[in-house]
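Fit chains V and B to the given chain H structure using the hints.
Chains as they are written, first to last, in the numbering used here: chain H, 1 to 546; chain V, 547 to 653; chain B, 654 to 873.
What the hints contain is simulated information worked out from the structure, not anything from laboratory work.
Among the hints, a few may not be true.
Calculated pairs, DSBU-like style, for lysine-lysine (alpha carbon to alpha carbon, straight line, at most 30 Å) [stated by the list, open to error]:
{"#": "1", "chain 1": "V", "residue 1": "Lys-607", "chain 2": "B", "residue 2": "Lys-748"}
{"#": "2", "chain 1": "H", "residue 1": "Lys-111", "chain 2": "B", "residue 2": "Lys-826"}
{"#": "3", "chain 1": "B", "residue 1": "Lys-748", "chain 2": "B", "residue 2": "Lys-826"}
{"#": "4", "chain 1": "H", "residue 1": "Lys-236", "chain 2": "B", "residue 2": "Lys-775"}
{"#": "5", "chain 1": "V", "residue 1": "Lys-607", "chain 2": "B", "residue 2": "Lys-749"}
Keep in mind the model is a prediction, meaning the values are calculated, not measured.
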Amino acid sequence: MSAPESSAANYLEDGHTLRSWLLTFDHKRIGILYLLGVSFFFLVGSAFAMLVRLELLTPQGDLMTSDAYNHVFTMHGIFMVFFFLIPAIPGVLGNFVLPIMIGAKDVAFPKLNLLSWYVFMAGGMLTMYGLLTGGVDTGWTFYPPYSSLYSTSAVLPVGIGVFVNGFASILTGLNFMVTVHRMRAPGMTWFRLPLFVWGQYATSLVMVLGTPVIAITLVLLVLERVFHLGFFDAAKGGDPVLFQHLFWFYSHPAVYIMILPSMAVISELIAAFARKRVFGYHAVAFSSIGIAVLGFLVWGHHMYVSSQSVYAGVAFSLLTMLVAIPSAIKVFNWTFTLYKGAVALEMPMLYALGFLGLFTIGGLTGVFLATLGFDVHVHDTYFVVAHFHYVMVGGTIMGYLGGLHYWWPKMTGRLYSEFWGKTSGWLVFVGFNLTFFPQFLLGLQGMPRRYHAYPAEWQVLNVLSSAGASVLGVGLILPVGYFLYSLRYGKVAGPNPWGARGLEWETTSPPPTFNFDEQPVVEHEAYDYPLPAGKPGAGAAPASAH
Amino acid sequence: MSGHHVVPVKIYLAIFGALMAFTAITVAVAFVDLGPLNNVVMLAIAVVKATLVVLFFMHVKYSTRLIPLVAAVGFMWLLILFGLTMSDYLSRGWLGAGAPWPAPWSN
Amino acid sequence: MPHAHSSALAHQFDSLEQQKESATLGMWFFLVQEVLFFGGLFLTYMLYRWRDPTAFAAGSHELDILLGGFNTVVLIASSLTMAMAVHSAQTDERKKLVGYLVATGSLGIVFLIVKYFEYSAKWHHHLIPGANFHFEGVVGGRAELFFSLYFAMTGMHALHMVIGVAVLLWILKRARAGEFGSHYYNPVECFGLYWHFVDIVWIFLFPMLYLIGRHYHGGA
Numbered sequence: 001m002s003a004p005e006s007s008a009a010n011y012l013e014d015g016h017t018l019r020s021w022l023l024t025f026d027h028k029r030i031g032i033l034y035l036l037g038v039s040f041f042f043l044v045g046s047a048f049a050m051l052v053r054l055e056l057l058t059p060q061g062d063l064m065t066s067d068a069y070n071h072v073f074t075m076h077g078i079f080m081v082f083f084f085l086i087p088a089i090p091g092v093l094g095n096f097v098l099p100i101m102i103g104a105k106d107v108a109f110p111k112l113n114l115l116s117w118y119v120f121m122a123g124g125m126l127t128m129y130g131l132l133t134g135g136v137d138t139g140w141t142f143y144p145p146y147s148s149l150y151s152t153s154a155v156l157p158v159g160i161g162v163f164v165n166g167f168a169s170i171l172t173g174l175n176f177m178v179t180v181h182r183m184r185a186p187g188m189t190w191f192r193l194p195l196f197v198w199g200q201y202a203t204s205l206v207m208v209l210g211t212p213v214i215a216i217t218l219v220l221l222v223l224e225r226v227f228h229l230g231f232f233d234a235a236k237g238g239d240p241v242l243f244q245h246l247f248w249f250y251s252h253p254a255v256y257i258m259i260l261p262s263m264a265v266i267s268e269l270i271a272a273f274a275r276k277r278v279f280g281y282h283a284v285a286f287s288s289i290g291i292a293v294l295g296f297l298v299w300g301h302h303m304y305v306s307s308q309s310v311y312a313g314v315a316f317s318l319l320t321m322l323v324a325i326p327s328a329i330k331v332f333n334w335t336f337t338l339y340k341g342a343v344a345l346e347m348p349m350l351y352a353l354g355f356l357g358l359f360t361i362g363g364l365t366g367v368f369l370a371t372l373g374f375d376v377h378v379h380d381t382y383f384v385v386a387h388f389h390y391v392m393v394g395g396t397i398m399g400y401l402g403g404l405h406y407w408w409p410k411m412t413g414r415l416y417s418e419f420w421g422k423t424s425g426w427l428v429f430v431g432f433n434l435t436f437f438p439q440f441l442l443g444l445q446g447m448p449r450r451y452h453a454y455p456a457e458w459q460v461l462n463v464l465s466s467a468g469a470s471v472l473g474v475g476l477i478l479p480v481g482y483f484l485y486s487l488r489y490g491k492v493a494g495p496n497p498w499g500a501r502g503l504e505w506e507t508t509s510p511p512p513t514f515n516f517d518e519q520p521v522v523e524h525e526a527y528d529y530p531l532p533a534g535k536p537g538a539g540a541a542p543a544s545a546h
Numbered sequence: 547m548s549g550h551h552v553v554p555v556k557i558y559l560a561i562f563g564a565l566m567a568f569t570a571i572t573v574a575v576a577f578v579d580l581g582p583l584n585n586v587v588m589l590a591i592a593v594v595k596a597t598l599v600v601l602f603f604m605h606v607k608y609s610t611r612l613i614p615l616v617a618a619v620g621f622m623w624l625l626i627l628f629g630l631t632m633s634d635y636l637s638r639g640w641l642g643a644g645a646p647w648p649a650p651w652s653n
Numbered sequence: 654m655p656h657a658h659s660s661a662l663a664h665q666f667d668s669l670e671q672q673k674e675s676a677t678l679g680m681w682f683f684l685v686q687e688v689l690f691f692g693g694l695f696l697t698y699m700l701y702r703w704r705d706p707t708a709f710a711a712g713s714h715e716l717d718i719l720l721g722g723f724n725t726v727v728l729i730a731s732s733l734t735m736a737m738a739v740h741s742a743q744t745d746e747r748k749k750l751v752g753y754l755v756a757t758g759s760l761g762i763v764f765l766i767v768k769y770f771e772y773s774a775k776w777h778h779h780l781i782p783g784a785n786f787h788f789e790g791v792v793g794g795r796a797e798l799f800f801s802l803y804f805a806m807t808g809m810h811a812l813h814m815v816i817g818v819a820v821l822l823w824i825l826k827r828a829r830a831g832e833f834g835s836h837y838y839n840p841v842e843c844f845g846l847y848w849h850f851v852d853i854v855w856i857f858l859f860p861m862l863y864l865i866g867r868h869y870h871g872g873a
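Only chain H is shown next, with the shape it has when bound in the complex (with noise of 0.2 Å):
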């Protein structure tokens, strides 16, 4: 099978004016834009999270009003939600390693791909926009009748960049899956596929199966908003919880296109650095699939104290455990991984370290959010802010950035300096964990959450929490200057300097246009250590820069 030939000697020669990377079909370009992309939403989502926090430093609201605050922590959510958190691994990751990972030139619509990177930065810049002119302050959520009726800030911008950025999701998962069902190069069976690739198929389901619901949402609020239609307001007839019901029917299936990505890369880098196959592959394969549907079955927790039939409630209760148990096997699946392994603590494998620990508090949490008789208390406490930010920074921002000091040397042919990484590393763990475990404390001891100003005897906590997220902040903005600095002064890269297994190692760093100089054929399973002789990276000890 002839590949297209292209005679740059790697996808970053071939083109350097700015219109090859606006008008690339690459998906490995594609992925580097939405780098660029998420990061400048994630560097906004920020500083709304630092405002949050320097308010919260005192009990009173002297930073800003309630109404601004209002405002403050609705961007922070609505920023780091839909810009960062559902795009990141998918849209980079995703977008440069699946393809090479199952032997493909590129994904099946290029085309498609290019498109739902202006579509979701169109939503960003529209969601801007909306920001710039006062932003909104409805909570992320946009509850009416507050968002339809009695709001005056920005909901409409702001309602359409978020409709609109959910349209290159759909794009995404729409071209992931027919990637991973036809692109497959010969050999490459569905069960020999790594399980990165099938967390990002099950990732893909999520996203078309849910986003359009919130689309439609979304429509009806505008159309409520501008022209008054009644949907959601009782006074015509219509019923604010259907809006509930309809927007956690995606936002809940949403927390698992934010988690499943990061699992994907958990599993690579556990059996990269571990030099072993994962745990039961099949078992997590096919855990993937089932957290993503039974993701669908359990919106209903998010709704136990919204005047939801309590029948209902205990339905959605039931389920909501069941989600539990195919993230519990594959924690487990990966600890057991870990087990007489040849354990490597190289960068990346800190963070799924990390991972392990911090999402396991953060799903145990979720389960007791899942029982009714709790949740009735700690509703809408700061226990479920540190809940989810426990599942989401502790979760996907580890898998995410373990992801990217992983595949960095594979993207840029360059390496990063170990000590700024372990550096950078630890000061995300340590500030995490300082900004966020006070949070459960805080709601345990009633803390609403959504307020600028709260009893002084909970200044304590909330001066430990403000002080964690500086440390946090730090620890985050550090890899953007490590890593720049490596593109430049980074040691060279071989294709494989981690030694590990995987069709994304057996080519050149960074890869050609097409991935391969020859089309792959797959003899073997996926994670098959030990590294046999004579393939890039056998025998080397990972290497590292100081």
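Only chains V and B this time, still in chain H's reference frame:
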């Protein structure tokens, strides 16, 4: 994927005829009082019509297994959305369910 | 036509067969998300109709069954002509392909014209939700929610029809240029899938909106 299967024209015409007939039936039945069965019949006929379009006009009958699976999953997810949401509203009137849904307002 | 073969094959695929299967699968995934998209509207409809069936029946009686039924026939016919278009491409009958595509598009436009007349009639009868809404029957203002749903659902459907006609014009242009034949007709087929889907949405919308409780008054 339908391969290169060419569906005979007379099948298309037969399906078209069936769709027209079902349309006429659904309109006619709407004028007959069957009580709660009206909704059931209307829905059933619509589902039959949609199925005919899916199977024959959209070639699902002639496709590999993956395509019908994809179509079925889409339909199933719709049922999840409807079923679990309506389970809330339908059970609100039960004993101990919590606040009953207020009756429609009247003006 | 060897030239058409190689130019039709996109670089990421190894064969036209792989490309065709991928495009068809991709279109099906897209249609699945469309099902969920309309599904939110159908759920809203289901809930509010269950809650206030009298108001919904009253609202439904204001819709013109003849126009709605005519539009249903028009769309089903357009599905037939679309299927025939694909058939003609498969059998290398370019003139028929063009003819059937024109027929499909024309029927689509007829549908939209009828909808325009229906909408303007609503305008004249003060049945557009909003400040000027006024419903003459016993249910009064309760009917407004029915009409909100009527416009949201048929409006969203009409938007999909407009997009469909636009894309059809592009497919038609390529068909007239002779791009399609038994060796390569997948774009026509994929577009056909979309068109049939939009027809299916109407197959549900028509009885759900136009035929509620028609037996109450024994007629219009």
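Hint numbers not upheld by this structure, sorted from lowest to highest: none
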